[in-house]
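*Asks:* Those protein sequences? They're chains A and B, same order as listed. By the count of our numbering, the first sequence reaches residue 1140 at its end, each step adding exactly one. By the count of our numbering, the second sequence reaches residue 1497 at its end, each step adding exactly one.
Rather than coming from a laboratory, the hints here were simulated on the basis of the structure. Take the hints with a grain of salt, since some may be wrong.
[Unchecked claim] The calculated lysine-lysine pairs, modelled on DSSO-like cross-linking and capped at a C-alpha distance of 27 angstroms, are: (1) B:K1365 with A:K1135; (2) B:K1365 with B:K1193; (3) A:K740 with B:K1098; (4) B:K1193 with A:K740; (5) A:K1133 with B:K1102; (6) B:K1057 with A:K775; (7) B:K1328 with A:K775; (8) A:K875 with B:K1365; (9) B:K1057 with A:K1089; (10) A:K1133 with B:K1365; (11) B:K1057 with A:K1133; (12) B:K1097 with A:K740; (13) B:K1328 with A:K1135; (14) B:K1365 with A:K852; (15) A:K1044 with B:K1057; (16) B:K1102 with A:K775.
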Amino acid sequence: MNAPNKSGWKPEMQIAESGFLGGPVTTTGNRALMLEEPLLFEIGRADVTGVDLPAVDPQAPTRLGGLARSEAIGLVGLTEPETVRHYTRLSRQNYGIDLGFFPLGSCTMKHNPRLNEKMARLPGFADIHPLQPQSTVQGALEVISQLGEWLCKLTGMPGVAMSPKAGAHGELCGILAIRAAHTARGDAREVVLVPESAHGTNPATAAFAGYRVEDIPATAEGRVDVAALKARLGPDVAGVMITNPNTCGLFEKDFREIADAVHAAGGYVYCDGANFNAIVGRVRPGDLGVDAMHINLHKTFSTPHGGGGPGSGPVVFSEALAPYAPLPFVRQDGDGAFYLVEEEHTEERGPSFGRMTAFHGQMGMFTRALTYMLSHGADGLKQVAEDAVLNANYILRSMEDILHAPFAASGPCMHEALFGDKDFGGGLSTLDVAKGLIDEGYHPMTVYFPLVVHGAMLVEPTETESKAAIDQFIAAFRAVVERALAGDEALKQAPYFAPRRRLDETGAARKPKLAFEG
Amino acid sequence: MRYLPLTDTDRADMLTKIGAASIDDLFVDVPAIAQLDGPIRDLPLHASEMAVERHMKKLAAKNLVAGDVPFFLGAGAYRHHVPASVDTIIQRGEFLTAYTPYQPEIAQGTLQMLFEFQTQVARLYGCAVANASLYDGSTACWEAVAMAARVTKRTRAVLSGALHPHYAEVVKTMAQFTGYTIGDALPSITPDPELSGLISRIDEDTACVVVQYPDILGRISDLTPIAEAAHAKGALLVVVNTEPVALGAIKSPGEMGADIVVGEGQSLGVGLQFGGPYLGLFAVRDPKHVRQMPGRLCGETTDAEGKRGFVLTLSTREQHIRREKATSNICTNSGLCALAFTVHMTLLGERGLRELAAENHRLACLAADRLAKVPGVRVLNNGFFNEFTVMLDGKPAREIVRDLADRGVLAGVSLGRLYPGVAALEQALLVAVTETTTEEDIERLAAELAASLKETV
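Work the whole structure out from these sequences, hints included.
*Replies:* Right, here's the structure in full:
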């Protein structure tokens, strides 16, 4: 039976064409545990459901204002066994940190403790409505309050905003507070300075908040060019956005000097806290002159990334910016009861710049992050930072003899090691190395970021890897790099063993197909 | 420390390889002023699973669980039954512990799921294209306003008075910084939405008009006249939906001419979770607007062997490529919540969604009829789906809600909570009913509401 498989595999596709897998052609296109899966819309049926509900009574009276939906919606359903199988088969085409080493620099793929998941699912947290009378959700408000207190103590900052939904939303929160603070004193500044090594979210955020963005160059050693930055400060500069540790994996050792200069020029210092995991428990950004910093709970505090979110991006603030923090926030009254300060508290809200989202923030992430903090404690978190930095330096020093490490001479790296594609032979690129690592069973490192290094490869091991796992990765990474240096043509076609070979991204963008048709 | 695999021997060996005498050598670039001499004081030290569990359970126990009492809250977050298999699937490590699918060859699970999700959302909304999700409904609403401004090159947005007040607040907060003009209003307490007032506010400078459907009072109205009025002035119609289950019973916004449809997807798969994480849905009716959309988009393509596969696409709109010229600063979406939504929607299918919607509506009609019999209670709405407004004759709804909570009934959301200080709205209570509501729950609400109204002066 050589029926075409809806997942795209066709009987005429001789597997031998790939040159590597060999073996007989299978009827299904599956290869043992490597299973193909059609689209939901190819296997689902409009009249099938996996949920038992009363049948629709067409005679039942309705009060839908004459707007009943009469046309077919176009959805399809599966029974429960089919549903579980469809998604289980899809899941097996995904790489996750549970499966193996995932050194995606700056994204911080560390182990997600399962206790976090269990605690977030307690009905007392998972099954409460954001608008219940506040007397009935005192425990939830206390979680927000406790987590905020941990964040303030860990960063040495006096204020915190809990509602931002992710890192980029936290950045926006910090920049809006800066803008509100300037506006409050009638100071219309227009420019935000961003180092060229910054995450793309930094300039996008500043622009979204109405600022003009100007780049600050990096020095040859991979840090902010302090002289250039100081020279650019002036009455039109609202502030700077600096990532520390930075995206080259280095600590900005002149951060305090930069902060003092920015403050002297009447500006504020935004620190992108994406890399806080490198220093948590060991260094407090508040001691370095930071005015606002977001913290990605899904990076430093182990909440899962879930294939692209949800994140959570609380922002800590200095005394100067804390009054402008967004609504709502949690306070405690004289009797110890927790309450939300919202729009109606005209005095307590002070000069808050307002609401950034409905409700109070990512509660499901708060419970996970608080669980993680309590598990590690102040001592464990310090060890987290130290092991993350140790692992990254170990990789840096194990690779620098064969792979271009542009800042290896700038001192120790922090939580991630940065490499470039210099000396690759045969027109091979960073992308080819990344795809080669896929065949070795790894998720590749971050590639082509930061932009300041040609063919950048940013490797972040995190603290949750064993030495054996890291040693095995180093051996594989070295082998692939050696192939790249030798100009091994075969690398251009990698990966060979993944569920898919290289995908045509140009074609996808030229004629976008963004929904199933038919 | 159970999450840290390195042993002290490992650490010593690794320091030797690095050429460092101690871990402190790796932190030499941190200035002395910021070096701490030990673990941060005033914070507890590490704790066992058991100890942490005890701490968290104590906090959880201080909350009144929605499922333990008769429960009628809505106003942008709805309590629905989530099939057991949804949570099992989203806890699979391959989904839970994956990152944004930057390496598509080993992320086809997430990508195919997102492609299916986008298709479901687009069809539900009556649109051509949906994105791979945003943070939540309120931020999606703002992104729609910002997109309308890009498309029309105008900066004025007209908000319906019956838009969720939190959503309106988010738009107004953001507009302070972008310089947009936002025209807003309070909801009028009428049995049907007042469209003429809204239409009269649309002019030649209007980028978009933003309407909620069903609206904050649960009312439903044909959006076609608003779409026509907006289009006549060159403006876009943005429709906000906070209850996707409703669209299993009532016409889609796209069918009625909405240009951008956004909403909250929390009802399916995600749960209440005290307000987050939720799921922002975002779709456009006309494919020509795709390149102005915010957020991730998943598209179909083929691999080097000709097999079908999926990738993130049109990323030249996004911050990591376009930096300050991006359509949005958004990076993370709400991937795992999108998975929960799409699994729940797959279990329902066309038939299940329609049955679910019908059951919600049946019970809501039952509740409205029962509450209308309570002395001093008047049902405001002509039309509604699963949420409606009742007027409590001369009594402040916010206090009644608190009193009913003391009586073990979570009665609904008072407009006093949503619009504090607005006298005209003080007596209004929003009551939401879903398939999880029993007829006994409705009886209990009616009885306790009658008692509370009698006793509250």
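*Asks:* Confirm or reject each hint.
*Replies:* Taking the hints in turn, this is what the structure says about them:
A threshold of 27 angstroms between alpha carbons decides the hint, and for K1365 of chain B with K1135 of chain A the separation of about 24 angstroms falls inside it, so the pair holds. Distance hint between K1365 of chain B and K1193 of chain B is fulfilled; the C-alpha atoms sit about 15 angstroms from each other, no more than 27 angstroms. Straight-line distance between C-alpha atoms of K740 of chain A and K1098 of chain B comes to about 14 angstroms, which keeps the hinted pair within the 27 angstroms bound. Only pairs whose Cα atoms come within 27 angstroms are accepted, and K1193 of chain B paired with K740 of chain A is rejected, the gap being roughly 48 angstroms.
Under the criterion of a C-alpha separation no larger than 27 angstroms, the hint pairing K1133 of chain A with K1102 of chain B is inconsistent with the structure, at around 54 angstroms. Of the supplied pair hints, the one linking K1057 of chain B and K775 of chain A is violated, its CA atoms being roughly 34 angstroms apart against a limit of 27 angstroms. Pair hint K1328 of chain B plus K775 of chain A does not hold up; C-alpha atoms about 49 angstroms apart against a cutoff of 27 angstroms. Between K875 of chain A and K1365 of chain B the CA atoms are separated by roughly 31 angstroms; this puts the pair beyond 27 angstroms, and the hint is violated.
With a C-alpha separation of about 12 angstroms, the suggested pair K1057 of chain B and K1089 of chain A falls inside the 27 angstroms cut-off, and the hint holds. Distance check on the hinted pair: K1133 of chain A and K1365 of chain B sit about 23 angstroms apart at the alpha-carbon level, within 27 angstroms; holds. Between K1057 of chain B and K1133 of chain A, the direct Cα distance comes to roughly 51 angstroms. Violation of the 27 angstroms bound is thereby established for this hinted pair. For the hint pairing K1097 of chain B with K740 of chain A, the CA-to-CA distance comes to about 11 angstroms; that is within 27 angstroms, so the pair holds.
Of the pairs offered as hints, the one joining K1328 of chain B and K1135 of chain A holds, with about 13 angstroms between alpha carbons and a cut-off of 27 angstroms not exceeded. With a C-alpha separation of about 26 angstroms, the suggested pairing of K1365 of chain B with K852 of chain A holds against the 27 angstroms cut-off. Between K1044 of chain A and K1057 of chain B the alpha-carbon distance is near 24 angstroms, which keeps this suggested pair within the 27 angstroms criterion. As the CA atoms of K1102 of chain B and K775 of chain A are separated by approximately 25 angstroms, the hinted pair is consistent with the 27 angstroms bound.
In this structure, the earlier hints numbered 4, 5, 6, 7, 8, 11 are contradicted, and the remaining ones agree with it.
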